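Number of protein chains: 2
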Amino acid sequence: MNVERRQARREMKVPIAVSARHAHLSVATLKKLFGADHQLHVRTWLSQTGQFAAEETVSLVGPHGRLDHVRLMGPPRAQDQVELSRSDEIALGIDAPLRLSGDLARTPGLRVEGPAGSVTLEGGVITALRHIHAGPEDAQRLGLRHGETVGVRIDSAGRDLTFNDVVVRVAPGFHLELHLDTDEANAAGVAHGGVGEILPAAG
Amino acid sequence: MNVERRQARREMKVPIAVSARHAHLSVATLKKLFGADHQLHVRTWLSQTGQFAAEETVSLVGPHGRLDHVRLMGPPRAQDQVELSRSDEIALGIDAPLRLSGDLARTPGLRVEGPAGSVTLEGGVITALRHIHAGPEDAQRLGLRHGETVGVRIDSAGRDLTFNDVVVRVAPGFHLELHLDTDEANAAGVAHGGVGEILPAAG
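For the record, the sequence lines run as chains A and B. Residue numbering for the first sequence follows the working numbering, starting at 1 and increasing by one per position. Residue numbering for the second sequence follows the working numbering, starting at 1 and increasing by one per position.
Check the hints yourself; a few may be wrong.
Said to hold, decoys possible - Looking from chain A toward chain B, a few residues come up when the C-beta cut is under 10 Å (computed):
(1) GLU55
(2) THR57
(3) ARG71
(4) THR127
(5) ASP155
Because the hints were derived from the structure by calculation, they are not lab data. Bear in mind the structure is a predicted one, so any value in this text is a computation, not a measurement. Think of the CB as a built atom: it goes at the ideal place given N, C-alpha and C, for glycine as much as any other residue.
Could you build the full structure based on these sequences and the hints that come with them?
Okay, here's the thing in structure tokens:
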């Protein structure tokens, strides 16, 4: 293909971030799990501004099983939110809906165990809808509109696929990134740090 | 769309079978796990002729974890073969290659535990390449050739995608079916009994 076309293609690349199971918890819940004066410790800063993976982990307990060493994210949020893959949910015996972060009405709960206590959440468990984060400048450059859905093509060794239903989220401070859960990354044969190609909206 | 075109589309549908982690074991391995005179008991007949899911399950043990209640398939095979999803492999701490069934050279092993003993397999663990089984008549009707790769589009509630790199396997006795592992089915939002649409070869 000619140089101009190759250039245009290169500009539609999106870096891939793979989210393993994790939880964002409230200050009140963290107190019950880790003790009254506990503060989360930063393990690694995430690419999205101000967010971090914490040193702290918890155990998640459902009707059919448990998952240990589940990473907490910080800083604390107003609402408890647990993000699982469908594989995780099958292991726990939980059926959580596909949702964007923060959309927690009518979601199931589960038990969370920490070193200083345990909490039974009444809700907050979701399977994350795959989505692209983009700052306003990247969104303009790529022709992406907040709230639309696009396709993303993944080339890998033996598991090429095209994800549709990828929701675009545009906000100041967002870093350009496709967020997949582990089921999705595994099905596509890609890992954190891989690259996808954004396709025009499916119309 | 007109009736003829709708008819053509309907004919490209393929039923979906989802394979959870499972093992095909040899008679020698089964003896060590279940005792000398043990025979596998049929739990459910699979759609592929003569194959069945057995009543019997085993535990799989890797460097990082274990998976219990892993279903055995029958009848016994000449070679031990364990089919895992990448999510399973991460839980166990094993990195198995993408392979078609039976292609077991240079594959990792793991420990298998049964009620009467345990066995350390030297190899045989694979991640199954997604594939379509078709009998000769279905293959002819759908224009599928043994060994080619095709795409399959999945429509679901919020996780539409198109799998590429789907390998076509044609043999007498094969029942038309797309075989996905649990990561792939979860990423597409489909379950056993769902339906995909075969796309022309990607060229």
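Hint check:
1. Here the hint on GLU55/A is broken, as its CB sits about 20 Å from the closest CB of chain B, past 10 Å.
2. Interface restraint check: THR57/A against chain B, minimum CB-CB distance 15 Å, threshold 10 Å, status violated.
3. Against a cut-off of 10 Å between C-beta atoms, the interface hint on ARG71/A is violated, since the closest Cβ of chain B lies about 14 Å away.
4. Because the closest C-beta pair between THR127/A and chain B is about 8 Å apart, less than 10 Å, the hint holds.
5. For ASP155/A, the suggested interface contact is upheld, since its CB lies about 9 Å from the closest CB of chain B, less than 10 Å.
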